[in-house]
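Could you slot chains B, C and D onto chain A? The hints should help.
4 protein chains.
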Amino acid sequence: MALGVGLIGSGYMGKCHAMAWTSVATVFGHVERPRLMTLADATEELATRQASTLGFAHGTGNWRDLLQDPTIDVISIAAPNPYHAEMAIAALEAGKHVWCEKPMATSLEDARRMQHAAARSDRVAILGYNYIQNPMIRLASQLIAQGRIGVVNHIRLEMDEDFMADPDQVFSWKSEKAFGYGALDDFAVHPLSLLLVLHGKIIAVVADMTKPYQARPVKVGEMRDVETHDIAQALFRTADASGVLMVNRSAWGRKGRIALQIFGSKGAILFDQERMNELQLYTSEDPAPLQGFRTLLAAPAHPPYRDFIPAPGHGLGFNELKVAECNELLKAINGDSDAHVINFELGLQIEQVVHAMAQSAQTRSWVEI
Amino acid sequence: MALGVGLIGSGYMGKCHAMAWTSVATVFGHVERPRLMTLADATEELATRQASTLGFAHGTGNWRDLLQDPTIDVISIAAPNPYHAEMAIAALEAGKHVWCEKPMATSLEDARRMQHAAARSDRVAILGYNYIQNPMIRLASQLIAQGRIGVVNHIRLEMDEDFMADPDQVFSWKSEKAFGYGALDDFAVHPLSLLLVLHGKIIAVVADMTKPYQARPVKVGEMRDVETHDIAQALFRTADASGVLMVNRSAWGRKGRIALQIFGSKGAILFDQERMNELQLYTSEDPAPLQGFRTLLAAPAHPPYRDFIPAPGHGLGFNELKVAECNELLKAINGDSDAHVINFELGLQIEQVVHAMAQSAQTRSWVEI
Amino acid sequence: MALGVGLIGSGYMGKCHAMAWTSVATVFGHVERPRLMTLADATEELATRQASTLGFAHGTGNWRDLLQDPTIDVISIAAPNPYHAEMAIAALEAGKHVWCEKPMATSLEDARRMQHAAARSDRVAILGYNYIQNPMIRLASQLIAQGRIGVVNHIRLEMDEDFMADPDQVFSWKSEKAFGYGALDDFAVHPLSLLLVLHGKIIAVVADMTKPYQARPVKVGEMRDVETHDIAQALFRTADASGVLMVNRSAWGRKGRIALQIFGSKGAILFDQERMNELQLYTSEDPAPLQGFRTLLAAPAHPPYRDFIPAPGHGLGFNELKVAECNELLKAINGDSDAHVINFELGLQIEQVVHAMAQSAQTRSWVEI
Amino acid sequence: MALGVGLIGSGYMGKCHAMAWTSVATVFGHVERPRLMTLADATEELATRQASTLGFAHGTGNWRDLLQDPTIDVISIAAPNPYHAEMAIAALEAGKHVWCEKPMATSLEDARRMQHAAARSDRVAILGYNYIQNPMIRLASQLIAQGRIGVVNHIRLEMDEDFMADPDQVFSWKSEKAFGYGALDDFAVHPLSLLLVLHGKIIAVVADMTKPYQARPVKVGEMRDVETHDIAQALFRTADASGVLMVNRSAWGRKGRIALQIFGSKGAILFDQERMNELQLYTSEDPAPLQGFRTLLAAPAHPPYRDFIPAPGHGLGFNELKVAECNELLKAINGDSDAHVINFELGLQIEQVVHAMAQSAQTRSWVEI
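Chain order of the listed sequences is A, B, C and D.
Taking numbering that gives the first Met the number 0, the leading residue of the first sequence gets 0, the next gets one more, and so forth.
Taking numbering that gives the first Met the number 0, the leading residue of the second sequence gets 0, the next gets one more, and so forth.
Taking numbering that gives the first Met the number 0, the leading residue of the third sequence gets 0, the next gets one more, and so forth.
Taking numbering that gives the first Met the number 0, the leading residue of the fourth sequence gets 0, the next gets one more, and so forth.
Isolated chain A, as found in the complex:
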């Protein structure tokens, strides 16, 4: 019988999950069409309205209703970050598969509890790190695994947007300590998820975090101190390589930049999410006067592009990465151990790096992981 789906939250990422659940069978073809059962949101009225809009059969103002519903097999969690741990653990304990948005949790302790809940359960529990689904990232991963750029020895990771760049923007929860460190948990987790699938684990970091603006306006003539850091950067080491991580959510002009530079003993790979259908490859195996970065355009030869479009260079979008992620989740639920996902165990590794960086920024020293 087809999988029954519950969704908690119907904002930005909630809608993105809904679109993925709606499209996944049509795109990938081999799966039974999921049944979109119940959408939970803050109030029953809102939930019912959004259920209708997003194609779910029912709405509820109480997310716990999903736990006991036998028609629901998997729960998408797209609620605010502080609720992730409670919801994910409850869902797993109720025997549901879990697809939880990133970041995993707002404390390392919560992330650990989530991982333990997943480990105890026989259900699938994954995180919404959809950038790893990009055909260009998968191609990069394959090229690195094949040794095309040799032994990787240096890595640079950047993630930048500008939604906090305006100093006149009013104070919001984004600047409250209770909701996290700032750019570190908001952004760093994404390039770290890419690093994990492309290269491996970070073993030591030294980090710094800064505030571009010390205070933001609350109302006319009144300012409130900013508690989070919109800019963060770290030096890091992996077993084989050195690297730098840079994240900035007040970087004017950057909108969805996630830039990777990966250097090895035989070549290099470049990527920028703002041009997500392109990958740049340099290989020293080309004849010397003809060596140059070549721009590869996403094409049917690069899975899972072909499932979306049979012609090369036509362009996937951000939302389609989520559809691909949904398909990998379905694979995992169907027992495919090669499903390309960040499960709670890998997700915990990402959280550990983020918290080590925050600790380093505070102690002004290198931290081993």
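Any given hint might turn out to be false.
Stated by the list, open to error - One-sided and incomplete, this derived list gives chain D residues near chain C with beta-carbon spacing under 8 Å:
1) 53
2) 56
3) 274
To be verified - Examples of chain C residues lying across from chain B (beta carbon under 8 Å, computed):
4) 162
5) 165
6) 207
7) 245
8) 247
9) 250
10) 264
11) 266
12) 267
13) 281
Keep in mind the hints are simulated off the structure, nothing from the lab.
All residues carry an ideal CB built from backbone N, CA and C; glycine is no exception.
Just chains B, C and D now, kept in the frame of chain A:
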């Protein structure tokens, strides 16, 4: 009651229509979720299988079954080009709305008959020119209408792919005269659809068409003469501007290029579909030492981007243009006269230009339209 | 004994010649340092001042003084276009080598007379088509000759700047018919010089020319009709290929664009003079999933880059192309038949194409060459 | 009387100085043509040959000959780094102006001695940090000073080449500790010179250095341990901003990359030396839906571009930055206190940062400067 949908054809574009019909309500929110009723394909067996995969309730081996079905309000036509005219006319005469893939027809006469059928009917009949739905194209259109680049005086249009670039590729219907001119009907219609919404009508052309390869292999040791032209180009005039149209489906390295250069008395606009989330704008109103092409990234400020993603610069994909097109079709069906579509009347104008170009290439002379 | 140099004209290109004569021995090393003897300009006062500034021993207000001067072996002609023919022919008849700026002349008849004068003489006579000296153009030429992109079957050439783009710019000689056709002789000759060294001769053309602005201001409240065409384009054929030439000197945002797209049966080459240190190569010989345009950066492996800089990717400038051209002129004077220059014979071919295009634009018909 | 010039060294940078001294008067026009007197190199034979090639009157195998020569006013030092201190101090003490290539010296102590010698003298002493002469860098500097991007709060600096990227490359002095730290002194000084003119002083650093290859081949079957670090990176703080510096001379595919990202409270600026004629500016003062990075092409409006070329977008080259630097040196010698140079005092600041970074990498801790 929600709209009932029939689909003819389940190949590349058939699947693309299916994805659009599946997603449109979730993405745009304001419309009733269409009912995906019947999919028609070459055989009942194929149609039934594809109906299941693509989310339609039924499959049929006879497309005429859709005509009399009262549960079907609109028919998507994604069958091979030679069938477009017969199907579209029959559907309109049966009182169905029609969403027909491009090109309109394989002869100008057929295109005229389709337009007449649409004019006689009170149904909506549009063509699948989805590139006009790109938020960046809509932005370009708005900027031009606002006079941001002044009076347009010169235009260059290019569309290039490389699926016919390999001389060793075996002879296929793409090289048979019966299926059209070659690059002209296959490609030129797309940039011409963009020209129509961005600028206006072509009034005179002089064209040339060439074959990169005179013959292609049929089997080992046997070649067959190529009858179509994979390369075509034309000079043209509009009321205000001169221009050039260049299309090439044997252009090694080009995968989904549709490049526009539009020059006016106060600035210029550049676009390339291979980077479909970017638009370049140059305005002479910037201070002189700071004038330069600025790269605008698709963002919520550029409709209909916001319906897909609330954050800027995250990237739409080709398939999502089809979802936007579907939404405009629904608007048109709901009587919105501002729906952003290429209806059969505008589509006929595009066909007239294509045939005038083919005529010019044959007579080696300018042709007025 | 070292070569003695005379220079006529000390404007934009006159200074550029002076810089080249000054630097060529230091850069290339193998040549004797030329003696910069006499600079001729409109008046003796101006010539004397400019001679001092540009490093010439003497100045004269009469360019014919250079003809009889036995210390002068070669004459650089950087005077206004209408004087080229008279000066070049006189110089050749006086036994001087000639380095004449482009375009060759303002009429085809004059260009023919220049070519005849060169043919009658045993002196070297070349034209200032310095873009062919770019290491990236030479590399392109070599790659094409080696068959790297197979048989060339389609070519697109663009040259665009915006110095005539402002409609409020006052009427100047650039808009007077007496000084030429407009964009055709001003610009088209450059991409045509590149076509000549990269591919071969044009055998047929059909062209169009337009005026972005019908009149320009002379003084407040007074307009004068523009007589030249700032925009021109042509379809053309060579023995093997079809092509398009587009030139526009009122193209807002373009500053020094000379863009080439060359497609062959095995690959493609792209170039843009605004990024003159880059060449893009696509070869279908790369493994299929790794095919893409690779950006080659100018490097010591690409002559004559190494003579300027021993490290790759550091960037040559426009002026240095002139130094390279000067070196090729010296090679030609020293009897090297492989000197990479556009001599008067090749230059005449370029002029013939330009005039055929102008004729085609007037007769509205194809013209064979 | 015109300035007399001596040159020590005729390799890569020696030739570059010679080209600059040869061209500076022709390009800038306002200065007396320098007299190229004596070139010193390792042996008299080599020096004499190179003097002839590079346009100097005499050659000598003993650089000290230049010190007592009254015809020499200024000495260009392009000898190997370990000689810089001795030569520069001797030249200053002999009353000569000094133009010394970077890096200043191989030890901080030597750099201090050089600075003291300059301070004691009334001569001009500058370092060869030619990248600061780029019109695009000067434009960036001007834009920042005008407040166009507001208060700068974050900076990223990268310099990468690949001449050490090949693991099979034989061991050379570049891998010997005696010649420096590796990428830090070889590369970091360049972006640090740009930081100094664009923003200001670094006050704290934490750095890391790594070796992509632990050993390199000496001869067949024999490896030698690498003593230097081809990769280095640092986090830093200035009074107002945080930043990251990344340098890598084993970065496959990078040839002459010096990339800057400068973020402020009102906009951002990007630059990459591999496209040295372009600057990217984002300003939040543009209307919201039209904000984007605009690419500014070097043009006459951006000094000193106009002195080289009167038309925009035609492209300066690396060598021409040295000509511009020579012109600024001449200004400084003529007493112009606005001359745009890195004198020994500023140069010492750069050295202090480099040594602090090396110290931090060793102690694994933050270092205040």
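Hint check:
1. 53: At about 5 Å, which falls below the 8 Å cut-off, the nearest Cβ of chain C leaves the hint on residue 53 of chain D intact, so it holds.
2. 56: 12 Å, violated
3. 274: 6 Å, holds
4. 162: Violated, because the Cβ-Cβ distance from residue 162 of chain C to chain B comes to roughly 12 Å (cut-off 8 Å).
5. 165: It holds, given that the least Cβ distance between residue 165 of chain C and chain B is near 7 Å, below 8 Å.
6. 207: Holds - the Cβ of residue 207 of chain C comes within 8 Å of chain B, reaching about 5 Å at its closest.
7. 245: 6 Å, holds
8. 247: 6 Å, holds
9. 250: 5 Å, holds
10. 264: 5 Å, holds
11. 266: Since the shortest Cβ distance to chain B is 5 Å, the answer is holds.
12. 267: Interface hint status for residue 267 of chain C: holds (4 Å vs cutoff 8 Å).
13. 281: 3 Å, holds
This entry does not satisfy hints 2 and 4, going by the numbered hints stated previously.
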